[in-house]
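2 protein chains.
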Amino acid sequence: MNYTKLFSQTAVSIKASAIRELLKVTARPDIISFAGGLPDPQLFPVKEVAQCMSDVLANSPREALQYGTTEGQKCLKGELIRLLKETEDLDVKEEELLVVSASQQALDMVSRVFLNRGDAIITASPTYLGALQAFAASGADVYGADSDEYGVTVQGIEKRLKELQTAGRLCKFIYLVPDFINPTGATIPHARRKEILQLAEKYDTLIVEDSPYRQVRFEGEHQPTFYKLDQGRGRVLTMFTFSKVFVPGFRLGYITAPKEVIQKFVVLKQAMDLCTSPILQLAAAAYLKGGHLMRHVREVVEIYHKKRDWMLEMLAKYMPEGVKWTRPEGGLFLWVTMPGQIDASAMLQKAVEEQHVAYVAGVDFYPPRDARRNDMRLNFSFSTFEQIEEGVKRLAATIKQSL
Amino acid sequence: MNYTKLFSQTAVSIKASAIRELLKVTARPDIISFAGGLPDPQLFPVKEVAQCMSDVLANSPREALQYGTTEGQKCLKGELIRLLKETEDLDVKEEELLVVSASQQALDMVSRVFLNRGDAIITASPTYLGALQAFAASGADVYGADSDEYGVTVQGIEKRLKELQTAGRLCKFIYLVPDFINPTGATIPHARRKEILQLAEKYDTLIVEDSPYRQVRFEGEHQPTFYKLDQGRGRVLTMFTFSKVFVPGFRLGYITAPKEVIQKFVVLKQAMDLCTSPILQLAAAAYLKGGHLMRHVREVVEIYHKKRDWMLEMLAKYMPEGVKWTRPEGGLFLWVTMPGQIDASAMLQKAVEEQHVAYVAGVDFYPPRDARRNDMRLNFSFSTFEQIEEGVKRLAATIKQSL
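Top to bottom, those sequences are chains R and H.
Whatever position you read off the first sequence (first residue = 1), add 6 for the working numbering.
Whatever position you read off the second sequence (first residue = 1), add 6 for the working numbering.
These are computed hints drawn from the structure, not numbers from a lab.
Please note that the accuracy of each hint is not assured.
Since the list gives no way to pick one copy over another, a pair counts as held whenever it fits inside one copy or between any two copies.
Stated by the list, open to error - Calculated pairs, EDC-like style, for lysine to aspartate or glutamate (alpha carbon to alpha carbon, straight line, at most 16 Å):
#, residue 1, residue 2
1, K312, E169
2, K406, D349
3, K21, E266
4, K165, E101
5, K165, E396
6, K265, D315
Predicted model, so just to flag it, every value in this text is computed and none were measured.
Can you build the whole structure from these sequences, using the hints too?
And the structure:
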């Protein structure tokens, strides 16, 4: 039977994520993959997770296995409020916090609560491709703002805001990953954050702040969140996740936002999935309560720092002239720019099939208007040190062949 | 700040679920609640869940805690394919099966993959309110089809299909809960299923079959699924969940559908939440592999059967004349119809505040065009036998006051 006439605009327009499709190929053991955004599974706190799980099932099995409230389990929300106070100096109230099934769900919720098909938003260019996917599913018209080595520029954002204003169009929100942005690793400095927030005020729009990597800082100074800088004026929503600093397999994240916005999210989440798994929420709460998280974060930061250093060293050692890369102060990724004639997407098949090394082509991280084709994103958290050396060597060989 | 101009049509039009809001009130220990759709937590297989969890974390911690594939973990899909063969005589291929974060997510995905704002669909009237919520979030125009004691009628559906055809409108799908429908408990007989399927063929539309209660049958004969009757012609999608026969807290469900449709779901799910929690999928797979599920289902069926009988007996004993109720062959709910002058919504506040008993007013289960106000849904799975007697007594007193 022919489904075409039955499919929605969303179904027709959404495209498979290049990364998720690629992950299937790169699961082959002979391939060294810098493609995914996977944490190092050797670092997973397996023993503590097992202990928390077993405690939860011993102490509150019926809460853990029953339906939960859409807002999130009270005990986890309490722990998160404490964590945000301790680590970010934020005073978040219970009704300003929502537990979600990881950041991707938060992105989807933001899209659906704010965007009608054709609505305009602004993102950094390049930016996280999973966000672009979620925005595309709602039919967003995405305007990319230029970036430099410190992330998106104030001028880049203002240019887009002015353009939209001139066209009589509303910018529904500005989406930013201020710390160690996926894909380039750039971090927006304090002063620039303040200026961007002023722009949001001037043009009366929201800032959607996505902070999955924030705790993974190797060096340099912690910059305040947009949420903190906003001082409760309600112009910022911030999304956090446990996927990068605890375990992705729990699919847990949380959003802080003004109460009116959280209320909309809650009602939508009732239609989306009723609630996030209570057993996982209780286990995460036990993990936080046990004081394990920040200890684990320190361990993760130490190892990823070494892996970043090692990848930088290998890039310097093996890459041919004309290839450039970023030096992120944290996170899981760096960004490689090749001479302009090389198309990273076209080169990928050769890299995988001939050299058995994988990456994500940069083009997937650009909003449609801005696509550039000679960048690639490399992940340094997942591979071992040996794989990083061997993988960079193979990648360098592939690039040399393409020059 | 004023968010109104920034919110989407979805955000403006979605409404909080009456049930979810009510659950907050009914959490008070002095209230006997027939309102939720909660399984009896005393029946949760806590010991087996703890064992499966601990096995998974001992044997495959890194798969359990890492990101998973969007399609679902291979081992769980294998177990589900076996289960569907054994219990439903279905031959489902791996690419025709998708693991989801429980049925509500499946409903949301179906809405988004098939519906543009304003698109027409047909449902039974009354029908599951969570489905109505998910469809409303996509801006669906829902046409209710009349029901009798055996659920939705063939004539009711054909009337709507003709109406839409005459208006030159496409019916994107017919949504049905064929077994023990939430809210009335009615089950569509075999012959009627065949006729409805023929209608779907004649008018070239899909059937979305929602089967959360199917395994909870107390008496009478198992009717074949629409999926089975379709014999692989691709006109039926069927969604199942673990929430009613295992535990809701795992938030796990699965959809069987034609490959082309599953592919659309997968791409959308990438944007929605990347993947469903691998640790919960692996634990559920271990539970199925251990042969626990069908044993547990038998236990659940035995207890819920007794609870249904007890509630029927108490209704007969306490309800005033003029009140009618259904006698479902399975599931978790029955449906009470009061004399026409009583508005169940208006009566609810009195029931909760004065008599400390709760239910869901029937009006929430009707598509907007068909609302009737003198029904209520009662859940019999959650309360104890003592609570069922006392609660029905209180409810009868409330009704008598309203007569």
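Now the hints, each set against the structure:
{"no.": "1", "hint": "K312 <-> E169", "result": "neither (43 Å within a copy, 67 Å between copies)"}
{"no.": "2", "hint": "K406 <-> D349", "result": "within (13 Å within a copy, 77 Å between copies)"}
{"no.": "3", "hint": "K21 <-> E266", "result": "between (32 Å within a copy, 14 Å between copies)"}
{"no.": "4", "hint": "K165 <-> E101", "result": "neither (35 Å within a copy, 46 Å between copies)"}
{"no.": "5", "hint": "K165 <-> E396", "result": "neither (43 Å within a copy, 67 Å between copies)"}
{"no.": "6", "hint": "K265 <-> D315", "result": "neither (42 Å within a copy, 45 Å between copies)"}
Comparing the model with each earlier hint shows violations of hints 1, 4, 5 and 6; every other hint is respected.
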